[in-house]
Amino acid sequence: GAGVSQTPSNKVTEKGKYVELRCDPISGHTALYWYRQSLGQGPEFLIYFQGTGAADDSGLPNDRFFAVRPEGSVSTLKIQRTERGDSAVYLCASSFDRGTHEQFFGPGTRLTVL
Amino acid sequence: GQQLNQSPQSMFIQEGEDVSMNCTSSSIFNTWLWYKQDPGEGPVLLIALYKAGELTSNGRLTAQFGITRKDSFLNISASIPSDVGIYFCAGHNAGNNRKLIWGLGTSLAVNP
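Heads up: the sequence lines are chains A and B, in that order.
Going from the first sequence to the working numbering is simple: count from 1 and add 528.
For the second sequence, position 56 matches number 48 in the working numbering, and the numbering has no gaps at all.
In short, the hints are calculated from the structure, not lab data.
Partial pick of chain B residues on the chain A-facing surface, computed with a CB cut under 8 Å: (1) Leu25; (2) Glu33; (3) Gly34; (4) Leu37; (5) Ala40; (6) Phe80; (7) His84; (8) Asn89; (9) Lys91; (10) Leu96.
Virtual Cβ for every residue (Gly too), placed ideally from N, Cα, C.
If we strip away everything but chain A, and leave its shape as in the complex, we get (with noise of 0.2 Å):
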């Protein structure tokens, strides 16, 4: 598939747990977004990566939130001592760093936090 696939698609876990959520972003796009979406909101920004670095992690709600590139392709969300507020979708797109900026979206991971 061509586009962004974003792994799992459901996660339950309970309240403290740590959780780690991917994203596989469309080759190609140097840019990739995460993005945390509460039910009858818009996308809510967290960070942005260009290439391996993050660009912008002024999104990241506190330090329990954490993401990572490593290799300037899947993207790792990170996430410590989970609380029920956590409990969003949390959606990753990615786009080219230069040009348009037409972001394209995965189907996102629903996370609970019980």
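Please build the complex by placing chain B on the supplied structure of chain A, with the hints as guidance.
Here is chain B on its own, set in the frame of chain A:
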């Protein structure tokens, strides 16, 4: 953070009717994007606009980049049941690296 004002918040229409929704911003944008999101899916890009005054069509969808660069409109003609979903506008201005600013969405329901 900054958000776009998107209206209406929701619409319920009859199949075959035309639909219009819009987004406004307090600041100037150089890009407007319109997305559609179905339940359980990520947003799908419908139309991208890059120039003030630009009018772009994608099938039954038409979007315009306002000449003030502070607004954009999306029209859907002759709606069909599969148009149901949430439509989001997103904009970019030069001071935001590659971050997009998002509206809260317009929820569209179509009665067959």
